[in-house]
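Participant: Residue strings, one per chain:
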Amino acid sequence: MSSQKRDAAIVGIYEYPDRDVDGELSPLQIKTVCARNALADAGLSWSDVDGIYDASEGLAMSGLFLAEYWGLAPTVIDTTGVGGSSYEFHVAHALSAIREGRCKVALLTYGSTAHSNRMAIGVGGRGMGGINAADNMESFVGQTLVSNYAMVAHRHMHQYGTTSEQLAEISTATRYHAMRNPDAVRAMEDLEFIDIRETTIDDVVNSRMIADPLHLLECCMISDGGGAVVIASSDVVRNTKKSPVWVIGAGEATKYPTNTGDLTVSAGAQSGPVAFGEAGVTAAEIDVAMIYDSFSITVLTILEDLGFCAKGEGGVWVTGGKLRFDQAGGPALNTDGGGLSSNHPGMRGIFLLIEAARQLRGESMAQVVNAQLAVAHGNGGMLGSRHTAGTIILGAD
Amino acid sequence: MAGSRPLPTLDEPDSGEFWRATTTKELKFQRCDSCATTIWYPRPHCTGCLDGTLAWHSSNGFGTLYSYSVVRQSYHPFFRNLVPYAVAYVDVDEGFRILTNVVGIEDPSTELKIGQRLQLVWEEHEGLNIPLFEPAG
Chain A
83 MSSQKRDAAI VGIYEYPDRD VDGELSPLQI KTVCARNALA DAGLSWSDVD GIYDASEGLA
143 MSGLFLAEYW GLAPTVIDTT GVGGSSYEFH VAHALSAIRE GRCKVALLTY GSTAHSNRMA
203 IGVGGRGMGG INAADNMESF VGQTLVSNYA MVAHRHMHQY GTTSEQLAEI STATRYHAMR
263 NPDAVRAMED LEFIDIRETT IDDVVNSRMI ADPLHLLECC MISDGGGAVV IASSDVVRNT
323 KKSPVWVIGA GEATKYPTNT GDLTVSAGAQ SGPVAFGEAG VTAAEIDVAM IYDSFSITVL
383 TILEDLGFCA KGEGGVWVTG GKLRFDQAGG PALNTDGGGL SSNHPGMRGI FLLIEAARQL
443 RGESMAQVVN AQLAVAHGNG GMLGSRHTAG TIILGAD
Chain B
34 MAGSRPLPTL DEPDSGEFWR ATTTKELKFQ RCDSCATTIW YPRPHCTGCL DGTLAWHSSN
94 GFGTLYSYSV VRQSYHPFFR NLVPYAVAYV DVDEGFRILT NVVGIEDPST ELKIGQRLQL
154 VWEEHEGLNI PLFEPAG
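Residue numbers (the numbering used here), protein chains in the order written: chain A, 83 to 479; chain B, 34 to 170.
Because the hints were derived from the structure by calculation, they are not lab data.
Do not take every clue at face value.
Said to hold, decoys possible - One side only, chain B facing chain A, incomplete, derived with CB under 8 Å: (1) S48; (2) W73; (3) Y101; (4) V120; (5) Y122; (6) S142.
Unchecked claim - Derived SDA-like pairs (lysine to any residue); straight-line CA-CA distance at most 25 Å: (7) A:K393 x B:D47; (8) B:K58 x A:D217; (9) B:K146 x B:F95; (10) B:K146 x A:S467; (11) B:K146 x A:M239; (12) A:K324 x A:L154; (13) B:K146 x A:V287; (14) B:K146 x A:E247; (15) A:K393 x A:Y338; (16) B:K146 x A:S289; (17) A:K393 x B:K61; (18) B:K58 x A:K393; (19) B:K61 x A:T342; (20) B:K146 x A:N341; (21) A:K393 x B:D124; (22) B:K146 x A:S246; (23) B:K61 x A:R468; (24) A:K393 x B:T97; (25) A:K393 x A:T340; (26) B:K146 x A:H240; (27) B:K61 x A:L154; (28) B:K146 x A:A155; (29) B:K58 x B:G81; (30) B:K58 x A:R443; (31) B:K146 x A:G243; (32) B:K146 x A:N214; (33) B:K61 x A:D344; (34) A:K323 x A:V451; (35) B:K146 x A:T342; (36) B:K61 x A:A216; (37) B:K61 x A:K324; (38) B:K146 x A:Y242; (39) B:K61 x B:H78; (40) B:K146 x A:G343.
Yeah, the Cβ is synthetic: ideal placement off N, Cα and C, and Gly gets one too.
Take the sequences, apply the hints, and build the full model.
Facilitator: Now the structure itself:
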């Protein structure tokens with residue numbers, strides 16, 4: 083690992099603890115609370131921030147407003163908005179900006195009141211049509227977001243013999259971790275989950291079908307929430323409070339429907355090798371895999387695309403509970419409880435970074451012993467059609 | 034009031050010509066004169082080469098089920114009353130993959146099989162028709 087460049091590190095993190103703010107806070111206010119706490123976590127202050135990264139989820143053209151709202155004078159403003167993976171893209175861009183000396187302290191924030199707003203993210207209809215050619219050709223179908231991902235699952239089952247029981251391993255592993263995270267348990271209580279406990283494969287496959295072949299317990303929650311991440315240059319890192327978590331590899335990609343494309347392959351097949359190549363590590367060396375679990379199939383597909391196992395072998399590979407933090411044979415998956423059982427306000431990418439950083443600092447509620455390497459992989463948009471992938475490899479100090 | 038299926042607009046710049054052709058129940062698609070790339074969804078440029086010109090062709094309306102899902106839950110005012118229904122990618126024989134619904138079956142959760150043959154069926158509306166598919170035969 084000595085050849086790795088260690089130019090930038092995550093030095094401050096904060097995850098908003100409530101998943102139901104009852105309409106009392108705006109997304110911008112959630113972002114602000116998270117920013118202040120993440121900066122305090124780093125031992126930095128507002129005046130240290132010279133890079134703002136934002137997905138414009140709180141308001142349109144946020145780059146025009148955020149610096150003013152917070153009283154900052156940033157030298158870098160980046161409002162890349164590519165869905166739930168935006169925050170992995172932001173880390174990739176911040177790494178470049180810090181290496182080029184264009185900023186030293188990058189602030190990433192996220193805030194959402196999706197639950198309070200009663201947003202039907204998964205089962206709402208898709209748009210009412212007419213925005214662009216793709217919308218105008220697809221909106222008449224009534225494809226819910228869940229059914230979009232479910233089409234990937236069906237194709238995976240058809241091509242490789244993957245089963246619902248195998249996909250359920252993703253759900254049971256994340257719930258196993260969620261039950262060790264008090265914030266996740268409280269989230270499930272506040273969102274009125276029924277029968278909150280560790281789940282079995284049978285629980286998952288016997289839960290109600292939402293869009294064949296995906297069951298209720300294979301679908302993420304819809305919560306309120308937010309978070310912040312502070313990334314700093316190596317010279318700033320010397321003066322921060324906590325152990326730095328180094329950004330050692332980054333990759334970004336997009337994928338979209340084509341006439342002959344393989345639906346079982348995600349954009350992660352492109353972003354993953356770039357990130358792992360830059361970091362000089364392989365999937366087999368990864369201790370903690372924070373992979374966007376919008377649905378069970380998202381994780382299974384991405385595990386394959388990142389090289390944890392060969393394409394098509396994911397179903398067999400995940401069997402037997404090896405994704406749990408206290409089991410050998412595979413990385414610990416989504417040790418905070420994931421989008422399935424802890425936090426999913428619509429764009430989960432920032433939480434992947436936060437929990438990966440906790441693990442590499444030794445602060446997780448489901449701590450992997452001596453965790454040294456983590457991957458945070460965000461998927462934005464829709465896995466079964468157009469989506470983005472951001473892969474970030476992180477290393478302990 | 035269940036309302037209507039959300040209908041496309043006829044004047045969207047890229048796909049308007051496709052929808053206007055559905056009034057005569059023509060399933061049109063584009064192919065590049067230079068590099069033979071089949072373009073789907075419609076747009077004014079070839080994605081395979083820089084300088085090709087695209088020509089419109091008509092599909093015979095047969096294809097193969099590439100993948101599908103059965104929607105059991107929707108909050109959309111029209112589709113919530115349609116559940117369960119099948120959304121599908123169909124590989125049309127002329128070489129493009131269309132997102133559509135498979136209709137004409139009693140139980141989509143048991144009667145559909147990836148790889149099965151399908152044929153085009155039009156759902157009629159005022160001013161345009163919607164291309165759906167049903168089992169061939």
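Participant: Against this structure, judge whether each hint is valid.
Facilitator: Against the structure, the hints:
At its closest, the beta carbon of B:S48 sits 4 Å from a beta carbon of chain A; the interface hint therefore holds under the 8 Å criterion. The criterion of a C-beta within 8 Å of any C-beta in chain A is met by B:W73, whose closest approach is roughly 6 Å, and the hint holds. The beta carbon of B:Y101 is positioned within 8 Å of a beta carbon in chain A (closest approach about 6 Å), and the interface hint is therefore held. Among the interface hints, the one on B:V120 holds; its C-beta lies about 5 Å from the nearest C-beta in chain A, closer than the 8 Å criterion.
Annotation: B:Y122 was flagged as interfacial toward chain A, and the flag holds, the nearest CB pair being 6 Å apart, inside 8 Å. With a least beta-carbon distance of about 5 Å to chain A, the hint placing B:S142 at the interface is held under the 8 Å criterion. Our distance criterion of 25 Å between C-alpha atoms is broken by A:K393 and B:D47, whose separation comes to about 36 Å. Our distance criterion of 25 Å between C-alpha atoms is met by B:K58 and A:D217, whose separation comes to about 21 Å.
The hinted pair formed by B:K146 and B:F95 meets the criterion: a straight-line CA distance of about 16 Å does not exceed 25 Å. A hinted pair counts as satisfied when its Cα atoms are at most 25 Å apart, and B:K146 with A:S467 qualifies at roughly 20 Å. A distance of roughly 12 Å separates the Cα atoms of B:K146 and A:M239; the hinted pair therefore holds under the 25 Å criterion. With a C-alpha separation of about 24 Å, the suggested pair A:K324 and A:L154 falls inside the 25 Å cut-off, and the hint holds.
Taken as a hint, the B:K146 and A:V287 pair is honoured in the structure, with Cα atoms around 20 Å apart against an allowance of 25 Å. For the hint pairing B:K146 with A:E247, the CA-to-CA distance comes to about 20 Å; that is within 25 Å, so the pair holds. The suggested pairing of A:K393 with A:Y338 holds, with an alpha-carbon distance near 19 Å, which does not exceed 25 Å. With a CA separation close to 23 Å, the supplied pair B:K146 and A:S289 stays within the 25 Å bound.
For the hint linking A:K393 to B:K61, the alpha-carbon distance of about 35 Å lies beyond 25 Å, and the restraint is violated. Note on B:K58 and A:K393: the hinted pairing is violated, with a Cα-Cα distance of about 40 Å set against a maximum of 25 Å. Taken as a hint, the B:K61 and A:T342 pair is honoured in the structure, with Cα atoms around 18 Å apart against an allowance of 25 Å. Proposed proximity of B:K146 and A:N341 is supported: the alpha carbons are some 20 Å apart, at most 25 Å.
Taking the CA atoms of A:K393 and B:D124, the gap is near 22 Å; set against the 25 Å cutoff, the hint holds. Simply put, B:K146 and A:S246 have alpha-carbon atoms about 17 Å apart, close enough for the 25 Å limit, and the pair holds. The hinted pair formed by B:K61 and A:R468 meets the criterion: a straight-line CA distance of about 23 Å does not exceed 25 Å. Only pairs whose Cα atoms come within 25 Å are accepted, and A:K393 paired with B:T97 is accepted, the gap being roughly 23 Å.
For the hint pairing A:K393 with A:T340, the CA-to-CA distance comes to about 19 Å; that is within 25 Å, so the pair holds. Restraint check for B:K146 and A:H240: satisfied, since their Cα atoms lie roughly 9 Å apart, inside the 25 Å limit. Pair hint B:K61 plus A:L154 does not hold up; C-alpha atoms about 54 Å apart against a cutoff of 25 Å. With a C-alpha separation of about 58 Å, the suggested pairing of B:K146 with A:A155 is violated against the 25 Å cut-off.
At most 25 Å may separate the alpha-carbon atoms for a hinted pair to count; B:K58 and B:G81 exceed this at roughly 28 Å. For the given pair, B:K58 sits about 62 Å from A:R443 by alpha-carbon distance, which is inconsistent with the 25 Å threshold. Restraint check for B:K146 and A:G243: satisfied, since their Cα atoms lie roughly 14 Å apart, inside the 25 Å limit. The straight-line distance between the Cα atoms of B:K146 and A:N214 is roughly 31 Å, outside the 25 Å bound, and the hint therefore fails.
For the hint pairing B:K61 with A:D344, the CA-to-CA distance comes to about 24 Å; that is within 25 Å, so the pair holds. Simply put, A:K323 and A:V451 have alpha-carbon atoms about 22 Å apart, close enough for the 25 Å limit, and the pair holds. Using a Cα cut-off of 25 Å, the hinted pair B:K146 and A:T342 holds, with the two alpha carbons roughly 19 Å apart. About 15 Å separates the Cα atoms of B:K61 and A:A216, which keeps this hinted pair within 25 Å; it holds.
A hinted pair counts as satisfied when its Cα atoms are at most 25 Å apart, and B:K61 with A:K324 does not qualify at roughly 61 Å. Between B:K146 and A:Y242 the CA atoms are separated by roughly 15 Å; this keeps the pair inside 25 Å, and the hint holds. In summary, the hint linking B:K61 to B:H78 is supported, as the alpha carbons are separated by about 16 Å, within the 25 Å threshold. With a CA separation close to 19 Å, the supplied pair B:K146 and A:G343 stays within the 25 Å bound.
In this structure, the hints that do not hold are numbers 7, 17, 18, 27, 28, 29, 30, 32 and 37, in rising order.
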